[in-house]
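Visitor: Using the hints, position chain B against chain A.
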Amino acid sequence: MIDLHPEEKIVLVVRRHWFVFLGEVFALILAALLPLAFPIFSNYLYDLGGKYLAQSQIIAVTTFVSAAWLLLLWVIFFIIFTNYYLDTLIVTNQRIIDVDQVNLFARDIATAPLGSVQDVKIEILGILATMFNYGNLHLQTAGGDKEIVIRGIQNPEYVKKLIMSTHQSEVPSHNSAHP
Amino acid sequence: MNPGELLKIENPAEVISFAMPIILVALVLFFLVLAIVLSYHWRKYGVGRVRAAIFMWTYLIGGIIFIGAMVTAKLSY
Numbered sequence: 001m002i003d004l005h006p007e008e009k010i011v012l013v014v015r016r017h018w019f020v021f022l023g024e025v026f027a028l029i030l031a032a033l034l035p036l037a038f039p040i041f042s043n044y045l046y047d048l049g050g051k052y053l054a055q056s057q058i059i060a061v062t063t064f065v066s067a068a069w070l071l072l073l074w075v076i077f078f079i080i081f082t083n084y085y086l087d088t089l090i091v092t093n094q095r096i097i098d099v100d101q102v103n104l105f106a107r108d109i110a111t112a113p114l115g116s117v118q119d120v121k122i123e124i125l126g127i128l129a130t131m132f133n134y135g136n137l138h139l140q141t142a143g144g145d146k147e148i149v150i151r152g153i154q155n156p157e158y159v160k161k162l163i164m165s166t167h168q169s170e171v172p173s174h175n176s177a178h179p
Numbered sequence: 001m002n003p004g005e006l007l008k009i010e011n012p013a014e015v016i017s018f019a020m021p022i023i024l025v026a027l028v029l030f031f032l033v034l035a036i037v038l039s040y041h042w043r044k045y046g047v048g049r050v051r052a053a054i055f056m057w058t059y060l061i062g063g064i065i066f067i068g069a070m071v072t073a074k075l076s077y
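These protein sequence lines are chains A and B, in that order. To convert, note that position 87 of the first sequence is 87 in the numbering used here; the numbers rise steadily by one, no gaps. To convert, note that position 32 of the second sequence is 32 in the numbering used here; the numbers rise steadily by one, no gaps.
Note that these hints are calculated values from the structure, not bench results. A quick note: this is a predicted structure, and the numbers were derived from the prediction, not measured. Glycine included, C-beta positions come from ideal geometry on N, C-alpha and C. You may find that some hints are simply not true.
The calculated lysine to any residue pairs, modelled on SDA-like cross-linking and capped at a C-alpha distance of 20 Å, are [said to hold, decoys possible]:
#: 1; chain 1: B; residue 1: K44; chain 2: A; residue 2: T111
#: 2; chain 1: A; residue 1: K161; chain 2: A; residue 2: V91
#: 3; chain 1: B; residue 1: K74; chain 2: A; residue 2: S56
#: 4; chain 1: B; residue 1: K74; chain 2: A; residue 2: P35
Far from chain B by the CB rule (all over 10 Å, computed), these chain A residues [claimed, not checked]:
#: 5; residue: L12
#: 6; residue: V20
#: 7; residue: G23
#: 8; residue: F38
#: 9; residue: F41
#: 10; residue: Y46
#: 11; residue: L125
#: 12; residue: L128
#: 13; residue: T130
#: 14; residue: R151
#: 15; residue: V159
#: 16; residue: M164
Here chain A stands alone, though its shape is the one from the complex (with noise of 0.2 Å):
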């Protein structure tokens, strides 16, 4: 849980894009599928265990070893699905938080005052990412080469709109503190 200062209000709550997510899941879905190649195999199978399991004990141990699998899958899902979920960039008109869910037991969270931003810069690689409107997002703060970086982020454009317009709304310009 994020604790906000006092008058802090959060701005924006972004993930990273479903499609992003599917990309990880394509090869759980992939895996699940497999299964389906049992019936297929079936004469192969009964030939193989013919001599030792009657055919109704192997369609038991078929059944076994396919909801074993899928029950394996489910679970890897659901961590997948986590860290995606967990894994957010907070802009409040504060600062800017970006918590990283690198997996279960790893969280790594990032935090940079707005005042402290000096350049966004984004970037949309490739023919799916300007399709699905994701992309990378660069945040360039005050001291040296630091630098956050959010991958795979939804609608990188508005997000650094945002995040401008909310650095000149409430941080206090250079310009007016030295006329």
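Guide: Only chain B this time, still in chain A's reference frame:
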């Protein structure tokens, strides 16, 4: 040469019968531990109570269906 002879297993049916409950118990434990870890994460990291409940129940119901299929297959073996 069939796989039974290759592994020097006298009767593969007995090995399968022995392995099924072990696999079942291991997967159920894995499933339950993950249920606890996931629910902890979802509540601790600021997800609302309703969303966390929907997530957990989806996870549990799906898991129970697959575990039920495994148990049924084991019983009919």
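Visitor: Is K74/B close enough to P35/A, meaning Cα to Cα at most 20 Å?
Guide: holds, 17 Å
Visitor: Take a quick look at whether K74/B and S56/A sit within 20 Å of each other, Cα to Cα.
Guide: holds, 11 Å
Visitor: Is the Cβ of M164/A farther than 10 Å from every Cβ of chain B?
Guide: It holds; M164/A is separated from chain B by about 26 Å at its closest Cβ, greater than 10 Å.
Visitor: Mind verifying the non-interface call on Y46/A? Its CB should be farther than 10 Å from each CB in chain B.
Guide: Consistent with the label, Y46/A stays out of reach of chain B, its closest Cβ about 13 Å off (over 10 Å).
Visitor: Regarding the assertion that V20/A does not contact chain B, is the least Cβ-Cβ distance greater than 10 Å?
Guide: Check passes; 19 Å lies beyond 10 Å.
Visitor: Classify the label on L128/A as holds or violated, using whether its beta-carbon is more than 10 Å from each beta-carbon of chain B.
Guide: Non-interface label stands for L128/A: nearest chain B Cβ at 27 Å, farther than 10 Å.
Visitor: Given the hinted pair K44/B and T111/A, is their Cα-Cα distance within 20 Å?
Guide: holds, 19 Å
Visitor: Please settle this one: T130/A was flagged as non-interface, so is its CB more than 10 Å from every CB on chain B?
Guide: holds, 31 Å
Visitor: Would you check the hint for K161/A and V91/A, treating anything up to 20 Å between C-alpha atoms as holding?
Guide: holds, 12 Å
Visitor: Checking a non-interface call: every C-beta of chain B should be farther than 10 Å from the C-beta of V159/A. Is that right?
Guide: holds, 20 Å
Visitor: Evaluate the condition: distance from the CB of G23/A to the nearest CB of chain B exceeds 10 Å.
Guide: At roughly 21 Å from the nearest Cβ of chain B, G23/A sits farther out than 10 Å, so the non-interface label holds.
Visitor: Is the nearest Cβ of chain B still more than 10 Å from the Cβ of R151/A?
Guide: holds, 20 Å
In the structure shown, no violation is registered for any of the earlier numbered hints.
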